[in-house]
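As they're listed, the protein sequences go chains Y and P.
Under the working numbering, the first residue of the first sequence is numbered 3, with each subsequent residue one higher.
Under the working numbering, the first residue of the second sequence is numbered 148, with each subsequent residue one higher.
FYI, nobody ran anything at the bench for these hints, they're computed from the structure.
Quick caveat: nothing in here was measured; it's all calculated off a predicted structure.
Some clues are possibly wrong.
To be verified - If you want the footprint, here are the derived chain P segments under chain Y, 3+ residues with CB under 8 Å: (1) 148 to 156; (2) 403 to 413; (3) 487 to 496; (4) 502 to 511; (5) 647 to 653.
For every residue, glycine included, the Cβ atom is placed at its ideal position computed from N, Cα and C.
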Amino acid sequence: MRRLLMIFLILLPLITYAAEDSYQFQTKEDQARFSALTGELRCLVCQNETLAASNAVLASDLRGQIYQKMIQGKTDKEIVDYLVERYGNFILYRPPLHLTTVGLWFGPFLLLILSIGYLLYYVRKNQREKR
Amino acid sequence: MIPELGSFALILALCFALIQGTIRSELTVNAVFGQFTFLSFAMLCLIISFINNDMSVIYVREHSHHLLPFIYRVGAAWGGHEGSLLLWCLVLSAWTFAFIIFSDKKLSKTTFSTILMILGWMSAGFILFLLSTSNPFQRDFPLSPIIGNDLTPVLQDPGLIFHPPMLYSGYVGFAIAFAFAIAALLEGKFNKEWARALRPWIILPWSFLSFGIVLGSWWAYRELGWGGWWFWDPVENASLLPWLAATALLHSLIVSEKRSAFKGWTLLLAIITYALSLLGTFLVRSGVLVSVHAFANDPRRGLFLLGYIALIIGGALALYSIRIKKFFKPSQFQLFSRETFLLINSVILLTAVATITLGTLYPIVLEALNLEKISIGEPYFNTVFVPIMLPALLLMGLAPHVHWEKQSFLALWKKMGLALLLSLLLAFLLPWSLGYPFGFLTWMGISLGLWILLSTLQSLLKQKTGLNHWAMIVAHMGIAILVIGVSVNKSYSEERQVKMQPGESIMLAGYQFTFDSLDKTKGPNFESIKANFTVGNEPISAEQRIYPHDQTLGKTGIIFNGWRDLYLALGNSLPDGNWSIRIYYKPCVRWIWFGGFMLLIGGMISLLNHYQKRRGAL
Numbered sequence: 003m004r005r006l007l008m009i010f011l012i013l014l015p016l017i018t019y020a021a022e023d024s025y026q027f028q029t030k031e032d033q034a035r036f037s038a039l040t041g042e043l044r045c046l047v048c049q050n051e052t053l054a055a056s057n058a059v060l061a062s063d064l065r066g067q068i069y070q071k072m073i074q075g076k077t078d079k080e081i082v083d084y085l086v087e088r089y090g091n092f093i094l095y096r097p098p099l100h101l102t103t104v105g106l107w108f109g110p111f112l113l114l115i116l117s118i119g120y121l122l123y124y125v126r127k128n129q130r131e132k133r
Numbered sequence: 148m149i150p151e152l153g154s155f156a157l158i159l160a161l162c163f164a165l166i167q168g169t170i171r172s173e174l175t176v177n178a179v180f181g182q183f184t185f186l187s188f189a190m191l192c193l194i195i196s197f198i199n200n201d202m203s204v205i206y207v208r209e210h211s212h213h214l215l216p217f218i219y220r221v222g223a224a225w226g227g228h229e230g231s232l233l234l235w236c237l238v239l240s241a242w243t244f245a246f247i248i249f250s251d252k253k254l255s256k257t258t259f260s261t262i263l264m265i266l267g268w269m270s271a272g273f274i275l276f277l278l279s280t281s282n283p284f285q286r287d288f289p290l291s292p293i294i295g296n297d298l299t300p301v302l303q304d305p306g307l308i309f310h311p312p313m314l315y316s317g318y319v320g321f322a323i324a325f326a327f328a329i330a331a332l333l334e335g336k337f338n339k340e341w342a343r344a345l346r347p348w349i350i351l352p353w354s355f356l357s358f359g360i361v362l363g364s365w366w367a368y369r370e371l372g373w374g375g376w377w378f379w380d381p382v383e384n385a386s387l388l389p390w391l392a393a394t395a396l397l398h399s400l401i402v403s404e405k406r407s408a409f410k411g412w413t414l415l416l417a418i419i420t421y422a423l424s425l426l427g428t429f430l431v432r433s434g435v436l437v438s439v440h441a442f443a444n445d446p447r448r449g450l451f452l453l454g455y456i457a458l459i460i461g462g463a464l465a466l467y468s469i470r471i472k473k474f475f476k477p478s479q480f481q482l483f484s485r486e487t488f489l490l491i492n493s494v495i496l497l498t499a500v501a502t503i504t505l506g507t508l509y510p511i512v513l514e515a516l517n518l519e520k521i522s523i524g525e526p527y528f529n530t531v532f533v534p535i536m537l538p539a540l541l542l543m544g545l546a547p548h549v550h551w552e553k554q555s556f557l558a559l560w561k562k563m564g565l566a567l568l569l570s571l572l573l574a575f576l577l578p579w580s581l582g583y584p585f586g587f588l589t590w591m592g593i594s595l596g597l598w599i600l601l602s603t604l605q606s607l608l609k610q611k612t613g614l615n616h617w618a619m620i621v622a623h624m625g626i627a628i629l630v631i632g633v634s635v636n637k638s639y640s641e642e643r644q645v646k647m648q649p650g651e652s653i654m655l656a657g658y659q660f661t662f663d664s665l666d667k668t669k670g671p672n673f674e675s676i677k678a679n680f681t682v683g684n685e686p687i688s689a690e691q692r693i694y695p696h697d698q699t700l701g702k703t704g705i706i707f708n709g710w711r712d713l714y715l716a717l718g719n720s721l722p723d724g725n726w727s728i729r730i731y732y733k734p735c736v737r738w739i740w741f742g743g744f745m746l747l748i749g750g751m752i753s754l755l756n757h758y759q760k761r762r763g764a765l
């Protein structure tokens with residue numbers, strides 16, 4: 003017991019002097035949500051950086067806005083919709099599924115299935131011809 | 148005077164390249180030597196211009212500064228567009244020169260000289276491009292003394308000295324394999340001997356490229372200050388594309404060499420690999436990545452490159468489609484065989500190439516068509532690229548245990564089932580026993596890594612191992628370590644962004660970071676604010692540097708051991724007297740680069756084997 007108390011006393015000053023998170027959330031989940039969200043959005047004035055990583059003033063401003071909206075209880079979708087309305091799809095590192103991006107999202111999988119399918123067919127055909 | 152000598156050397160090098168490209172004679176060897184000498188001389192002139200800070204040379208003025216430290220003035224020689232193209236040409240001529248010295252003497256004289264001629268044209272085109280649109284020696288005498296624009300601070304790092312030469316040694320090196328493929332198509336001949344002669348010219352650039360990519364990732368991690376090691380930036384993608392294709396080529400070539408099969412496929416992959424190297428050069432060097440509009444405003448460079456590349460690749464593919472019938476041979480293998488596995492591996496790697504190309508070019512095309520401005524980044528590639536690559540990792544553990552021509556499924560299951568189940572189980576137990584939470588993707592990633600590790604080790608137990616087998620083992624284990632590193636790092640990294648001032652402490656992942664003091668220091672060409680921290684007893688400090696022209700750069704602080712990195716970045720000072728600080732806990736991040744480094748080692752072992760055998764044969 004005394005030992006525990008000692009540890010507590012040693013740790014006490016650290017607790018009182020502990021620094022604060024720049025964006026404080028009630029729960030760990032919200033903290034993670036914030037990291038995930040800012041990690042998927044583009045800093046609009048940088049060469050190619052996320053909002054989470056950027057030191058630019060605009061990025062820090064947008065981080066603040068996202069934080070405020072999360073505190074107000076807005077969902078991820080509401081926040082993203084708000085940002086897209088103001089800045090366009092350019093802000094999203096995950097481009098939305100549109101008519102113009104169908105090829106982008108489905109092309110690779112389609113290509114993989116078709117080419118493996120063709121490959122297996124080709125090997126089979128070859129075998130049969132040999133026989 | 149020195150820059151003029153440089154220009155003159157470039158013109159002479161061009162003449163030699165043209166001679167090499169047009170004259171079929173034993174004397175062309177001298178042309179290669181002359182070209183290499185004069186390009187080296189030109190590079191030396193450029194470096195001397197930088198060392199002297201000759202501000203009348205436009206390229207030097209734009210990338211140097213009188214305060215820039217000596218070592219970075221040397222590196223700045225290839226830190227910009229013109230200089231890096233000169234490096235490109237120099238590396239190509241160095242490869243050609245190496246080819247003359249080390250190439251397999253069993254190649255016929257005609258083949259040998261055809262390869263040299265093709266390389267000569269390649270070189271001539273690029274030197275012409277350098278001279279006509281991007282001459283690094285162009286002068287402009289200023290009327291008043293001038294201070295240079297300085298080298299971008301993020302490039303003022305040892306990474307700049309090694310990374311571009313290593314990367315270029317990689318992807319320019321595939322020119323030899325390309326020339327080989329064209330010569331094979333022209334002569335209608337590609338046998339085992341050829342495949343063996345070609346081998347080192349694929350292994351070596353592949354090893355360099357692997358290591359070059361690792362160096363780039365390591366640089367980005369330390370310099371960019373957000374703890375990431377890969378961002379799917381188009382410039383990074385440009386280096387990954389030829390790597391993926393070359394990996395497919397490497398495996399296809401093994402089949403050509405050992406089984407005398409997949410010949411057409413190997414030749415096609417050799418063409419594709421080099422085409423992707425050229426595509427990367429175009430993307431990075433034409434300015435199209437920075438902005439489509441910047442490209443449209445000054446399209447000279449881009450159009451020259453695009454035209455030249457279209458000519459090379461279009462010509463190669465046309466030749467391929469005409470001559471390929473000569474290489475067709477009915478296959479001897481069944482559906483369930485190592486051949487099929489290796490073909491699937493090729494298909495997956497090429498689909499991965501297509502995916503990254505799509506993700507890199509899509510925004511450019513949409514913007515050029517004035518349709519929309521979109522961004523494609525990590526979330527896209529995680530969703531699309533990663534699932535496509537997972538089956539390749541599964542096959543990677545399996546393929547070395549599958550027989551050529553024919554394999555029974557049951558026998559394979561009996562042999563490998565234990566390793567598979569064990570890796571699935573261990574991937575679940577290991578994080579759990581260390582107190583980490585369970586995540587499905589994490590489990591998948593670690594399982595696959597362990598699976599490759601275990602199955603590779605298992606192949607060590609049963610077979611007699613030659614050097615070549617060791618090369619495979621080391622390279623495959625490198626990938627396994629890389630995959631585990633990526634999975635663990637992705638899932639269990641922690642970070643905090645905090646406001647703090649000296650005297651305060653903060654906890655992250657069980658480590659206490661204490662902000663001890665703030666210093667003002669001075670470097671050779673910068674002033675800096677340095678935040679000194681301690682973690683346990685170890686000091687760690689991060690800086691904010693201000694360079695001439697008021698460019699700022701954060702310098703991160705890192706302490707590491709084999710298991711984890713602790714990473715510190717200093718942000719801006721806040722009005723309330725606090726500093727914005729970012730701290731990261733990055734488990735297993737070094738495994739990623741170590742795994743990548745093992746690819747280089749694997750490549751070197753394979754090369755050693757090649758030359759041992761050759762000496763044995765003589």
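Evaluation of the provided hints:
1. With a threshold of 8 Å between beta carbons, the proposed coverage of the stretch 148 to 156 of chain P by chain Y is violated, since 0 of its residues qualify and at least three are required.
2. Figure legend: the stretch 403 to 413 of chain P, annotated as covered by chain Y; annotation inconsistent (0 residues with Cβ-Cβ distances under 8 Å, at least 3 required).
3. For a cut-off of 8 Å, the count of residues in the stretch 487 to 496 of chain P with a CB near a CB of chain Y stands at 5, and the three-residue condition holds.
4. By the rule of at least three residues with a Cβ nearer than 8 Å to a Cβ of chain Y, the coverage given for the stretch 502 to 511 of chain P holds, with 4 such residues.
5. Coverage of a stretch by a chain is defined here by at least three residues with a beta carbon nearer than 8 Å to that chain's beta carbons; for the stretch 647 to 653 of chain P and chain Y the count is 6, and the condition holds.
This entry does not satisfy hints 1 and 2, going by the numbered hints stated previously.
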